[in-house]
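J.: Here's the letter readout for the chains.
Number of protein chains: 2
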Amino acid sequence: MCNCIDFSLIDTAKFLMDNDNYIILTHASPDGDTLGSGYALYYGLKQLGKKAEVICPDVIPGKYAYFLCETDHICDKDSTVIAVDIADKRLLGSLEEKFGDKVDLNIDHHITNQRYAKALYLDADASATCEIIYELLLDLNVQLNDTIAKALYTGISTDTGCFKYSCVTAKTHKIAAALYEYSIGADVINKIMFDTKSKDLLTLERMVLDTAEYHFDDKCMIITVTAAMQEKTGCSGPDLEGITEISRSVDGVIAGVTIKQTGSDTYKASVRTYEPLNASQICNCLGGGGHKNAAAAILNGTLAEVKVKILDAIKQQMEETNAWTFVTR
Amino acid sequence: MCNCIDFSLIDTAKFLMDNDNYIILTHASPDGDTLGSGYALYYGLKQLGKKAEVICPDVIPGKYAYFLCETDHICDKDSTVIAVDIADKRLLGSLEEKFGDKVDLNIDHHITNQRYAKALYLDADASATCEIIYELLLDLNVQLNDTIAKALYTGISTDTGCFKYSCVTAKTHKIAAALYEYSIGADVINKIMFDTKSKDLLTLERMVLDTAEYHFDDKCMIITVTAAMQEKTGCSGPDLEGITEISRSVDGVIAGVTIKQTGSDTYKASVRTYEPLNASQICNCLGGGGHKNAAAAILNGTLAEVKVKILDAIKQQMEETNAWTFVTR
Numbered sequence: 015m016c017n018c019i020d021f022s023l024i025d026t027a028k029f030l031m032d033n034d035n036y037i038i039l040t041h042a043s044p045d046g047d048t049l050g051s052g053y054a055l056y057y058g059l060k061q062l063g064k065k066a067e068v069i070c071p072d073v074i075p076g077k078y079a080y081f082l083c084e085t086d087h088i089c090d091k092d093s094t095v096i097a098v099d100i101a102d103k104r105l106l107g108s109l110e111e112k113f114g115d116k117v118d119l120n121i122d123h124h125i126t127n128q129r130y131a132k133a134l135y136l137d138a139d140a141s142a143t144c145e146i147i148y149e150l151l152l153d154l155n156v157q158l159n160d161t162i163a164k165a166l167y168t169g170i171s172t173d174t175g176c177f178k179y180s181c182v183t184a185k186t187h188k189i190a191a192a193l194y195e196y197s198i199g200a201d202v203i204n205k206i207m208f209d210t211k212s213k214d215l216l217t218l219e220r221m222v223l224d225t226a227e228y229h230f231d232d233k234c235m236i237i238t239v240t241a242a243m244q245e246k247t248g249c250s251g252p253d254l255e256g257i258t259e260i261s262r263s264v265d266g267v268i269a270g271v272t273i274k275q276t277g278s279d280t281y282k283a284s285v286r287t288y289e290p291l292n293a294s295q296i297c298n299c300l301g302g303g304g305h306k307n308a309a310a311a312i313l314n315g316t317l318a319e320v321k322v323k324i325l326d327a328i329k330q331q332m333e334e335t336n337a338w339t340f341v342t343r
Numbered sequence: 015m016c017n018c019i020d021f022s023l024i025d026t027a028k029f030l031m032d033n034d035n036y037i038i039l040t041h042a043s044p045d046g047d048t049l050g051s052g053y054a055l056y057y058g059l060k061q062l063g064k065k066a067e068v069i070c071p072d073v074i075p076g077k078y079a080y081f082l083c084e085t086d087h088i089c090d091k092d093s094t095v096i097a098v099d100i101a102d103k104r105l106l107g108s109l110e111e112k113f114g115d116k117v118d119l120n121i122d123h124h125i126t127n128q129r130y131a132k133a134l135y136l137d138a139d140a141s142a143t144c145e146i147i148y149e150l151l152l153d154l155n156v157q158l159n160d161t162i163a164k165a166l167y168t169g170i171s172t173d174t175g176c177f178k179y180s181c182v183t184a185k186t187h188k189i190a191a192a193l194y195e196y197s198i199g200a201d202v203i204n205k206i207m208f209d210t211k212s213k214d215l216l217t218l219e220r221m222v223l224d225t226a227e228y229h230f231d232d233k234c235m236i237i238t239v240t241a242a243m244q245e246k247t248g249c250s251g252p253d254l255e256g257i258t259e260i261s262r263s264v265d266g267v268i269a270g271v272t273i274k275q276t277g278s279d280t281y282k283a284s285v286r287t288y289e290p291l292n293a294s295q296i297c298n299c300l301g302g303g304g305h306k307n308a309a310a311a312i313l314n315g316t317l318a319e320v321k322v323k324i325l326d327a328i329k330q331q332m333e334e335t336n337a338w339t340f341v342t343r
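Sequence lines, in order, name chains A and B.
Counting with the numbering used here, you get residues 15 to 343 for the letters of the first sequence.
Counting with the numbering used here, you get residues 15 to 343 for the letters of the second sequence.
Bound conformation, chain A alone:
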């Protein structure tokens, strides 16, 4: 949308002071950042005497229970709709039809934001939308408490891989330090978010490791998650998110590919790359897209056919970038 107005932090704070009856939307397949942002903002607005409701298009996983609560019920009519951490209205999932064109304010940190809302406060330098919400709440003179700090910490920790990724800045750590002044139990949060998996998922990981194959002088690794594995272990969808990390965890691998069966002859290839390769360009060749280091494509055919297509695309990139002789570290 071309009529999206750019808000500053101060504009955003003023907007929140001036309006009421907020519907706060989180994205589908909710993660720690969209939920942490939504609930921290909710608690802040309640302190300001506002009415607000948090609506998530999908069921919220039980692991986030420690900062959730029952929110108000806001009538759609006369409501003010806020989207948090939602770069594209399609990410509203089941709520897109109802709210996709009715978002009054979008608060986000994705540089790829599609500007679908009436107003947008975008800080692409923030490691997580929760970083933005933290600053917003300070600006609104909201008094933080343990629950708000837990929600904000969860968003920042999960979106940065626990302060591991390149999106982390000095500001990220400064905010974390401020949140540690509250009783957040960060070690427990991190254990839940990063180091707890189901017995079934561990079984699936074992099966997936059995499929590991290496190509191009071990610079490319492919792992496969078949429909049979998903059926046998009962793990699918969001359960499988961490699996792709395996494909790029091996020393020397610059193209890690996870092939996930999504239909009888349909597969989703998730590609993770390191320099000099570009995952986005590889997936473009396969009809997909994404970011420089992480991209995906949907492919049709048998598993063997799909693998050939992917390996061809990677080989082409490796030749174009002289990846055969590129020295990592």
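Since the hints were derived computationally from the structure, they do not count as laboratory data.
Predicted, not measured: the structure shown is a model, and the values here were computed from it.
All C-beta atoms in this analysis are idealised placements derived from N, C-alpha and C, irrespective of residue type, glycine included.
Every clue listed holds true.
Taking beta-carbon pairs under 7 Å as the criterion, some of the chain A residues facing chain B (in silico):
(1) Cys176
(2) Tyr179
(3) His187
(4) Lys188
(5) Tyr194
(6) Thr210
(7) Arg220
(8) Val264
Selected chain B positions facing chain A (in silico; Cβ < 10 Å):
(9) Cys181
(10) Thr186
(11) Lys188
(12) Ala191
(13) Gly199
(14) Asn204
(15) Asp209
(16) Lys211
(17) Leu216
(18) Tyr228
(19) Asp265
(20) Gly266
With chain A fixed as given, assemble chain B onto it according to the hints.
T.: Using the frame of chain A, we list chain B on its own:
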């Protein structure tokens, strides 16, 4: 030793200003914290015009190369010996005989410090010895630079599981924020330290996952690393450190056991526990010891016999603590 003098941060800084010809010792099987502390201190002392040498009892793994350098060669005679991050002189390994009773100053963060040095600056609230060295360098008016910041960040990040563990405090994050003011490439450091494993280690992990067995209503998980697996993959010793994490990664498991074969009829059991279990007490029953959540014991017998002993010890603890009915989270 009962004659160990307790130093404050200021005493420590004064001692470093007043002396010269430093031999800085790191512990055997060196990790990021002992090396980061040793080299950051070295660079600081050089700025102050002092002579200093860093000595590590073992070969330093290549992954730390980005903050290492050739240090001075100090004559033992007239030297001032400093031990960093070394709680017990036995951790000096091959250097214990030579330096064990000659440490002039010990800088450490382990509450279990054995007070073997002539003077000790202990800050048990520090998440890493590198936290202490950071404060010390500030106190000494040392100008930080990219290399010093990389060394300090490495120690803090590795000793805290990348800011994940309960030892992290607001101060830890404040120091990280200060280090981010330099060009440290934290994402690259974290990738090297946490997310890179050899192809052989991944193969070993697959083999280990095949051995997973669950006991006591899935509250106990046992994984086994046999001698044959170590031989086949060429992975042993420090390579296997991360394997124990698998044993406590499964939801609901409160006793995670890794049995590693160390001889034809000898096994090392590493026990990781969550409330209400106590790993130290379990391992005491088995002739070993350690901390509340992480302990170990050496056991003799066949693998089957060893497992029976371990399961008996865990069962006893579970009964004593009513772990059968203890509700986690």
